[in-house]
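Student: Spelled out, the chains give:
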Amino acid sequence: MEQRSTRIALATWSALVVLFLWIPLALIMIYAFNKSNVQSWPIAGFTTHWFHVAWSSTDVRSALWLSVRVALVATATAILLGSAAAFAVARFAFFGREAVSFLLVLPIALPGIVTGMALNSFFIAGHITVSMWTIVIGHATFCVVIVYNNVLARLRRSSASLLEASQDLGADGLQTFRFVVWPVLSTALVAGGLLAFALSFDEVVVTFFTAGAQNTLPLLIFGYIRLGQQLPVVNAIAFAMILLTVIPVVLAQRLMRDTGVLRRGATAAVVTK
Amino acid sequence: MATGLDPAQGLSLRAPGRPLRAARLRVSGLFWRHPWAKALLLLAPPLLAFALVYLAALVALFVSSFWSVNPFTTEIQHIWNLGNYRTLWDSSAYRTIALRTIGIAAVVTLTDALLAFPLGYFMARIASGRSRAFIFVAVLLPLWSSYLIRVYIWRLILDNDGVLNWTLRKVGLPAPNIGYSNWAVWLIFAYVWLPFMVLPVYGALERIPESFVEASRDLGASGLTTFRRVILPLALPGVIAGSIFTFSLTLGDYVTPLLAGGASSQFIGNVVYESVGISNNVPFAAAFAAVPLAVMGVYLLIARRMGAFEAM
Chain S
0 MEQRSTRIAL ATWSALVVLF LWIPLALIMI YAFNKSNVQS WPIAGFTTHW
50 FHVAWSSTDV RSALWLSVRV ALVATATAIL LGSAAAFAVA RFAFFGREAV
100 SFLLVLPIAL PGIVTGMALN SFFIAGHITV SMWTIVIGHA TFCVVIVYNN
150 VLARLRRSSA SLLEASQDLG ADGLQTFRFV VWPVLSTALV AGGLLAFALS
200 FDEVVVTFFT AGAQNTLPLL IFGYIRLGQQ LPVVNAIAFA MILLTVIPVV
250 LAQRLMRDTG VLRRGATAAV VTK
Chain P
0 MATGLDPAQG LSLRAPGRPL RAARLRVSGL FWRHPWAKAL LLLAPPLLAF
50 ALVYLAALVA LFVSSFWSVN PFTTEIQHIW NLGNYRTLWD SSAYRTIALR
100 TIGIAAVVTL TDALLAFPLG YFMARIASGR SRAFIFVAVL LPLWSSYLIR
150 VYIWRLILDN DGVLNWTLRK VGLPAPNIGY SNWAVWLIFA YVWLPFMVLP
200 VYGALERIPE SFVEASRDLG ASGLTTFRRV ILPLALPGVI AGSIFTFSLT
250 LGDYVTPLLA GGASSQFIGN VVYESVGISN NVPFAAAFAA VPLAVMGVYL
300 LIARRMGAFE AM
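Listed in order, the protein sequences are those of chains S and P.
FYI, numbering that gives the first Met the number 0 numbers position 253 of the first sequence as 252, with every residue one higher than the one before it.
FYI, numbering that gives the first Met the number 0 numbers position 213 of the second sequence as 212, with every residue one higher than the one before it.
Rather than coming from a laboratory, the hints here were simulated on the basis of the structure.
Ideal Cβ positions, reconstructed from N, Cα and C, are used throughout, including at glycine.
Warning: the hint list may mix true and false statements.
[What the hints assert, rightly or not] Partial chain P-side listing against chain S, Cβ under 7 Å, derived: (1) L24; (2) L41; (3) F65; (4) A123; (5) L147; (6) I152; (7) V162; (8) N269; (9) V271; (10) A293; (11) M295.
[Said to hold, decoys possible] Derived CB-CB ranges, DEER-like: (12) P208/P <-> H51/S: 29 to 35 Å; (13) N36/S <-> L51/P: 58 to 64 Å; (14) S61/S <-> L40/P: 37 to 43 Å; (15) A14/S <-> F61/P: 55 to 61 Å; (16) L39/P <-> L71/S: 26 to 32 Å; (17) L71/S <-> S127/P: 47 to 53 Å; (18) N36/S <-> L231/P: 47 to 53 Å; (19) S127/P <-> V249/S: 17 to 23 Å; (20) L218/P <-> A14/S: 29 to 35 Å; (21) T128/S <-> R227/P: 57 to 63 Å; (22) P34/P <-> S61/S: 45 to 51 Å; (23) F19/S <-> N279/P: 37 to 43 Å; (24) A293/P <-> L173/S: 46 to 52 Å.
All chains should be built: construct the whole structure from the sequences, respecting the hints.
Tutor: Pasting the structure below:
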């Protein structure tokens with residue numbers, strides 16, 4: 000057991016690191032209500048005006064709508080591909096099984112510009128014009144591993160003998176899936192899906208290379224910040240986005256409490272952002 | 000029966016009047032007798048999708064880095080040459096950018112390891128169950144909240160009229176004015192990637208059995224020796240697993256240097272970003288993007304040898 004002084008020092012350090020993580024998030028919550036459109040500290044006064052401005056902006060709305068559509072399709076694709084791969088890896092032994100995890104984690108383990116540039120070169124070489132679908136392809140590529148990790152972790156904790164018992168009792172594949180596999184799996188799928196959605200909804204580094212002139216919500220905000228335009232609107236969207244990502248993550252955390260796979264980085268056997 | 004396992008349906012494949020169920024049982028039996036067919040059916044879609052899109056994209060990146068752009072028509076010429084790589088190698092500006100990117104990525108990784116290790120240690124070995132759960136969520140939420148927003152808020156904090164200067168002035172300290180500099184880039188990267196380091200480090204420390212520590216103490220090792228010879232080596236794969244993300248994510252970023260950096264904060268990513276977005280020179284961008292790809296290739300090989308993949 001560590002000495003008392005060591006324990007106190009470590010506790011203090013931990014508290015400071017957690018504060019370091021949270022103070023900026025608390026500050027953006029305050030800036031969202033800044034009356035002035037000059038972003039200096041302390042804020043000039045309190046207003047909820049900018050939420051109204053953000054919500055009634057057609058640019059913001061169409062970017063939001065594109066982001067939602069992309070995230071939904073990318074998440075659905077990731078759920079199908081990621082859980083198929085997780086089933087194969089969890090239930091069968093085959094040559095190159097370890098390589099599957101490695102391959103799936105590559106899109107997030109490799110630097111963002113590598114994945115982005117690779118897809119960009121690929122679309123150009125294949126004469127594929129950018130559309131919503133090119134964004135979806137990029138997002139699905141790095142969302143697969145999120146679902147894969149969640150489902151794999153859950154499958155590894157459930158016994159394969161349950162499946163055999165079900166078959167011994169005369170159930171066919173569909174019934175086994177419906178009554179044995181699904182109850183075990185459903186929360187892992189929902190958690191993986193929520194996280195994949197959050198990742199897709201937020202992504203900007205790779206998206207730039209697959210979006211052409213289209214604006215997802217992060218690309219729109221990126222443009223605003225870069226040009227120093229509409230910063231009060233950015234603050235209001237930031238407020239909403241922080242709240243909106245908190246909800247799926249807290250839900251996913253509750254659903255996957257037993258396996259602790261929410262570590263976005265923990266991905267080869269898991270992770271991740 | 001609610002479970003669908005009606006004994007009247009029996010196990011017979013020729014249950015009269017139940018052709019659908021018979022067919023389903025036949026399919027199930029087929030998969031049961033040929034498990035490889037099921038494995039293939041499950042594996043083929045994800046692997047094919049990855050091979051056809053992601054691996055093909057990496058190949059496209061590599062191939063197009065050997066092409067060039069006609070300076071007059073800005074069309075891509077499919078003539079193999081090493082011109083892009085020669086430009087990168089000969090230009091001291093690009094070499095500086097590459098070294099800056101790799102250097103800052105390394106320093107950010109080190110910073111995060113130093114910040115995260117004591118926290119992970121506290122979570123794994125000292126904190127009570129409740130405070131451990133609290134810290135876990137407190138680290139997890141920033142990880143998943145918008146990256147762009149977290150970069151942006153630091154831009155406001157570090158601005159000359161921002162929170163940091165204001166607070167330090169209030170307590171009588173000189174204002175650091177580190178907005179729009181490499182200091183800002185370092186600090187923001189360390190901030191946004193910190194959770195990626197905390198979680199695997201905590202995981203690795205948590206997996207060390209208490210009996211190992213007791214055995215070390217029983218054999219007469221001091222607390223410091225136990226830490227150095229037992230805990231640290233066992234936690235190292237966790238640190239390396241975290242470093243894959245902190246290093247790689249910094250290496251491949253352009254958003255933070257662009258939004259929060261100064262005139263001399265250009266990263267490899269910024270050159271790539273501008274080559275694609277402004278000068279439309281995709282082959283050159285592909286060649287420069289191959290640099291972090293190569294760096295990460297080497298890094299992943301080393302990390303794998305040090306057992307980091309099991310710790311991820």
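Student: A separate judgement is required for each hint: does it hold in the structure or not?
Tutor: Outcome of the hint check:
At about 5 Å, the closest approach between the beta carbon of L24/P and any beta carbon in chain S falls short of 7 Å, and the interface hint on this residue holds. Interface hint at L41/P: satisfied, since its Cβ lies 4 Å from the closest Cβ of chain S, which is below the 7 Å cut-off. A cut of 7 Å between beta carbons decides the hint on F65/P: the least distance to chain S is about 11 Å, and the hint is violated. Given hint, A123/P at the interface with chain S, is violated; its Cβ is 11 Å from that chain's nearest Cβ, farther than 7 Å.
Hint status for L147/P: holds, given a least beta-carbon distance of 5 Å to chain S, under 7 Å. Look at I152/P: its Cβ gets to within about 4 Å of chain S, closer than 7 Å, so that hint holds up. About 5 Å separates the beta-carbon of V162/P from the nearest beta-carbon of chain S, less than 7 Å, and the hint is met. Using the Cβ-Cβ criterion of 7 Å, the hint placing N269/P at the interface with chain S is not satisfied: the shortest such distance is roughly 9 Å.
Against a cut-off of 7 Å between C-beta atoms, the interface hint on V271/P holds, since the closest Cβ of chain S lies about 5 Å away. A distance limit of 7 Å between C-beta atoms decides the matter here; for A293/P the minimum to chain S is near 10 Å, and the interface restraint is violated. This hint holds: M295/P has a C-beta 6 Å from the nearest C-beta of chain S, less than the 7 Å allowed. A hinted range of 29 to 35 Å for the beta carbons of P208/P and H51/S is inconsistent with their spacing of about 57 Å.
Separation of N36/S from L51/P is about 48 Å and departs from the stated range, judged on CB atoms against 58 to 64 Å. In this structure the hint that S61/S and L40/P lie 37 to 43 Å apart at CB holds, the actual value being about 40 Å. For A14/S and F61/P, the hinted distance range of 55 to 61 Å is not satisfied, since their beta carbons lie about 47 Å from each other. Here the CB-CB span from L39/P to L71/S is close to 29 Å, well matched to the stated 26 to 32 Å.
In this structure, L71/S and S127/P break the distance hint of 47 to 53 Å, their C-beta atoms being roughly 40 Å apart. For N36/S paired with L231/P, a C-beta distance near 51 Å keeps the hint of 47 to 53 Å intact. Checked against the hint of 17 to 23 Å, the pair S127/P and V249/S passes, with Cβ atoms roughly 21 Å apart. Taking the beta carbon of each, L218/P and A14/S are about 34 Å apart, inside 29 to 35 Å as hinted.
Checked against the given bound of 57 to 63 Å, the beta carbons of T128/S and R227/P, roughly 58 Å apart, stay inside it. For the pair P34/P and S61/S, the supplied restraint of 45 to 51 Å holds, since their beta-carbon distance comes to about 49 Å. Checking the proposed 37 to 43 Å range against F19/S and N279/P shows it holds: the Cβ atoms sit about 41 Å from each other. Evaluation of the 46 to 52 Å hint for A293/P and L173/S yields a pass: the beta carbon distance comes to about 48 Å.
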